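Visitor: Sequence:
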Amino acid sequence: MNEKIGNISNYLASVILFIFGCLYLFNNTFMSYHGEALHATWNDLDSSVQILILALMRAVGGGFLAVAIVIALLQVKFSLTKISWIPGIIFATGVTIDLTSIYATLILRTHSTAKPPTFLALLGLCVLLIGYIYNRKTLKCL
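Note that numbering that gives the first Met the number 0 has the sequence shown beginning at 0, numbered continuously upward.
In case anyone wonders, no lab produced these hints; they're calculated from the structure. For clarity, every value in this text was computed on a predicted model and none was experimentally measured. Glycine included, each C-beta is placed from N, C-alpha and C at the ideal position. It is possible that part of the hints are untrue.
Stated by the list, open to error - Computed cross-link-like contacts, SDA-like style, restricted to lysine to any residue with a CA-CA straight-line distance of at most 20 Å: (1) K139 - L64; (2) K81 - Y133; (3) K139 - S83; (4) K136 - V75; (5) K139 - L128; (6) K3 - I88; (7) K3 - K114; (8) K3 - I132; (9) K136 - C125; (10) K139 - I129; (11) K81 - L138.
Claimed, not checked - Label pairs and their in silico Cβ distance ranges: (12) E35 - L72: 34 to 42 Å; (13) A65 - C125: 20 to 28 Å; (14) T28 - I106: 19 to 27 Å; (15) T95 - A54: 18 to 26 Å; (16) W41 - S78: 40 to 48 Å; (17) L105 - I132: 24 to 32 Å; (18) E35 - W84: 40 to 48 Å.
Kindly generate the complete structure, drawing on both the sequences and the hints.
Guide: Okay, here's the thing in structure tokens:
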């Protein structure tokens with residue numbers, strides 16, 4: 000049961016990151032909360048500002064996708080091999096992207112009227128913690 004909970008938790012974190020990565024990578028305009036923060040619509044922005052925002056979104060999206068893939072592949076490897084250092088790497092990688100996302104969303108929340116998806120970043124952090132705990136429990140059962 001420990002292994003199943005660890006797998007589900009880390010794969011869920013990976014799916015959340017993958018979805019956000021795709022949204023940021025393939026969207027042709029900013030997210031609604033970006034517009035709220037700027038008090039502007041996409042069409043109100045100068046084309047150079049649009050390019051800058053899309054470039055930043057692509058970079059963030061690529062980071063989300065990279066971390067999603069790393070977490071999923073490491074979880075597969077852990078499930079097959081039970082290598083003891085893998086849970087820590089999964090957790091550290093996910094926490095790094097989650098904490099920076101939480102930080103970014105809190106900046107928007109405290110300095111604008113925007114409501115970015117802070118809850119999803121917090122959810123990602125929770126499922127990563129659960130995944131880490133249950134992966135470690137799997138090792139203790141061996």
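Visitor: The structure should be examined with respect to each hint, and the outcome stated for every one.
Guide: Outcome of the hint check:
A C-alpha spacing of about 31 Å is found between K139 and L64, which places the hinted pair above 20 Å, so the restraint is violated. The hinted pair formed by K81 and Y133 meets the criterion: a straight-line CA distance of about 12 Å does not exceed 20 Å. Of the supplied pair hints, the one linking K139 and S83 holds, its CA atoms being roughly 10 Å apart against a limit of 20 Å. This hinted pair checks out: K136 and V75 have alpha carbons roughly 16 Å apart, not beyond 20 Å.
Proximity of K139 to L128 is assessed by CA-CA distance (about 17 Å); at most 20 Å being required, the pair is judged to hold. In summary, the hint linking K3 to I88 is supported, as the alpha carbons are separated by about 19 Å, within the 20 Å threshold. Annotation: proposed proximity of K3 to K114 is violated, straight-line Cα distance about 34 Å (limit 20 Å). Under the criterion of a C-alpha separation no larger than 20 Å, the hint pairing K3 with I132 is consistent with the structure, at around 12 Å.
Using a Cα cut-off of 20 Å, the hinted pair K136 and C125 holds, with the two alpha carbons roughly 17 Å apart. As the CA atoms of K139 and I129 are separated by approximately 15 Å, the hinted pair is consistent with the 20 Å bound. At roughly 7 Å between alpha-carbon atoms, K81 and L138 fall within 20 Å of each other, so this suggested pair holds. In this structure the hint that E35 and L72 lie 34 to 42 Å apart at CB holds, the actual value being about 36 Å.
At about 21 Å, the beta-carbon gap between A65 and C125 stays in the expected band of 20 to 28 Å. Roughly 21 Å separates the CB atoms of T28 and I106, a value that falls within the hinted 19 to 27 Å. One distance hint, 18 to 26 Å for the beta-carbon pair T95 and A54, holds here, with the actual separation near 22 Å. Our hint of 40 to 48 Å for W41 and S78 holds, since their Cβ atoms are close to 43 Å apart.
Checked against the given bound of 24 to 32 Å, the beta carbons of L105 and I132, roughly 25 Å apart, stay inside it. Our hint of 40 to 48 Å for E35 and W84 holds, since their Cβ atoms are close to 42 Å apart.
Hints 1, 7 from the list above are not met by this structure, while the remaining hints are.
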